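*Asks:* Sequence:
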Amino acid sequence: MLQIKRIFGASFKIINWLLFSFISLNFHTAIAAETVSDSDNNYNYNNNNVPQRPKIGLALSGGGAKGAAHLGVIKYLEQHNIPVDYVSGTSMGSFIGGMYAMGRSSAEIEIILAEYDWNQGYNDDVPRESLSVREKQRQDSFQIQTHIGFDGTNVEYPSGFVQGQGMAKLLRLSTNSLPYVSHFDLLPIPYRAIATNVETMREVVLDHGDLSKVMQASMSIPGALTPVIIDGKHLVDGGMVNNLPIGILQEMGADIIIAVDIGSQLYRQEEITSAFLIFDQLSSSMTRTSANQQIAKLTEQDILLSPDIDGIGTADFDLMPDAVDRGEKAAEHASAKLLALSLSDADYALYQQQKQRKKQQLAQIDIIDINNITINTDTRLSPRVIENKLSLKRGDKITVAELEQQIDALYALNLFQKVDYSITEQNGVHDLHINVVEKSWGPGYVDFKFNIQESTTSDDRQQIGLQYILTDLNRLGGEWRTEFVYGSDSNISTEFYSPIDYNQHFFFKAGVRLEDYESKLYVSSVNDPVLESLGSVFEYFPVKTEQVGVYAELGVIPFDWAQIAIGSYYQSGSAEIIGANINSDFDSQGWYLQLRLDSFDNISFPTKGFKLDADVYIDTGDYLNSNENNVFFSLDWRNALSFNRSTVEFKASMASYDGPPISPTFQVGLGGFQNLSGYGINEITGNYKGLVALIYRHRLLDNNLGAFSLPLYMGASIEQGNVWNDKDDVSFASTISAGSVFIALDTGIGPVMLSYGYAEGGHASGYLFIGNNF
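Under mature numbering (1 follows the signal peptide of the UniProt record, and there is no 0), residues -32 to -1, 1 to 742 are what the sequence shown spells out, in order.
Since the hints were derived computationally from the structure, they do not count as laboratory data. This one's a predicted model, so the numbers in the text were calculated from it and none came from an experiment. Warning: the hint list may mix true and false statements.
To be verified - Derived DEER-like restraints, expressed as beta-carbon distance ranges:
1) N395 x R443: 33 to 43 Å
2) I717 x K327: 27 to 37 Å
3) V397 x A684: 54 to 64 Å
4) L680 x D346: 39 to 49 Å
5) K327 x L609: 40 to 50 Å
6) K327 x I686: 56 to 66 Å
Yeah, the Cβ is synthetic: ideal placement off N, Cα and C, and Gly gets one too.
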């Protein structure tokens, strides 16, 4: 597992440097630094209250999760009264250094490192429970989200694997969205961050602005994270040009420099065991070269610390506490030189007091008192929709955490590349600037589906599919979706959808769908006492159905997790009962009412929430000489509760249809995994069904590989239910007991699952699933 994590950690870094891996290693020596600055003032840190002493600069290198070692060094400095007068940092070093520069103690920074899931900084996916019901349905069905854009003529891709929404949120929460700082010399400790200008490949020294945005620019791994735009420059990780910023501290006036180098060392020949590690060696060579050039600037009085971070990868955020300890040990090993810089308790108290005074002068935010709201957007979506989604108004008083929840709600529309904000402060009130950026690779997007279901007792089923979504059709958020699905159940469909109000509470949609599929018509339900007494054999006929349908509906969205719709439909087609020489055309039309409630955090392995699908159809079609108003009703309910690593899920399902027993439009069936396990998929059908199930899952392994995870589950289910042709036959006494055991992996294309099911009467079946259920 360690080797696997190492390879994935290396591949994660490769994304950062892949575009630059063939740049000459000597290129950096010819680079001149750019400075993003709006002031030439020289802020003097000294005053008469602090004894004259050598000014100490702290340089912190990049290295991802390994950067937590910087915090261990800072802990040692605080414990031994060693002051820091200037801080510079690159990548993760810019984060640790920036947090320290804004006046946070090592203890406060350590709490922040432990509080947030740093893997989410490299994940822009909106949590499923925050999505609208419609968006959940789309992602559940077309589970392979490619982020491929197509405008009708050109295929486009994002400028980064991750757009930085998650990272920006983590950094804003960490800094409590510190308002714009005109110059970082005004911070309790003067501070600089290093980034790289993508256009010129030059070093950029960041010395003013939004601290969280500056940190993100310094940390934005090329290819993995989209560049951050500051003062018109597209900025990425500074590690390519200066991974250990020593020279800038000398320019700021540091007399003695403490440099902490946690950059990757080159692998030995025997350690290079894969193509990923070869590329990692190339990228490490680039950062190593820039760091060595800076180390050459150190003098005899300076101190170089190189914590032992062997075994901790760039993306091993779960190992950050260990990295903190290693950083502290590295400082202890250099105690002979470091302790010479210690101040007396009285002098260190004066130093801390001056830092505290400068911290108090910053516009620190406890409560955001909104004086004005400005929305900057390049989307076609109306600003009124954005304002209503944010639910903010002038005069509101909210915390940073509450504001982040509003930003999340807007981003959950899944229409934008990035949604962020900045705050400016004047006289205790705040102006809020919301920035909404449309996806640069849209407005058309392509997603895919891939599903395989195999059973030892029924026909196998497969599907591959493509979905094309054209967004931004109107100022209310209209879209057009087209699907192409081929396999056991094939279909081609197209649908127009649009909200009809600025709050997006009401919607209209209409579509056309062409389907071609096979099903089974069983002659009777199981546990039929009459047939059992006659010794009848349970048989079925395969039915091939082709149909085309149109529909239109109006709906209301009272909550993000709820949707109610009423609509009308018409279907026409033919159904051939193979083996019975019956081929009949049919028409089906009528009205329907749908209710969708969905707060699940995961469709296949939910740990919390509920899901309810309820449908009522009143069908007035003509099929098998039936001209009556036939009513179809179905209800499916799931609820999940978790404790520690275990989840208990309750499932209930029922359906009824009072039309003819042979219906290509409405089918009632059971059979399949956790759906009367032991039977084949939809092996028993009828006009009425009932099922209850209790499912237990345990998360055995997280398999956290940095940018993504592959959790492994094991579980079991117990089930009770049946299908009946006649309402009078419905009884608990005629239900069937069943159960299953399974092991499953949650992957990016849905679950990969092996299971075994058994039902009373000797019915047993094995199942294999890849992708979501049909």
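*Asks:* Determine for every hint whether it applies to the structure shown.
*Replies:* So, going through the hints one by one against the coordinates:
no., hint, verdict
1, N395 x R443: 33 to 43 Å, "holds (36 Å)"
2, I717 x K327: 27 to 37 Å, "violated (49 Å)"
3, V397 x A684: 54 to 64 Å, "holds (58 Å)"
4, L680 x D346: 39 to 49 Å, "holds (43 Å)"
5, K327 x L609: 40 to 50 Å, "holds (44 Å)"
6, K327 x I686: 56 to 66 Å, "holds (59 Å)"
This entry does not satisfy hint 2, going by the numbered hints stated previously; all others are met.
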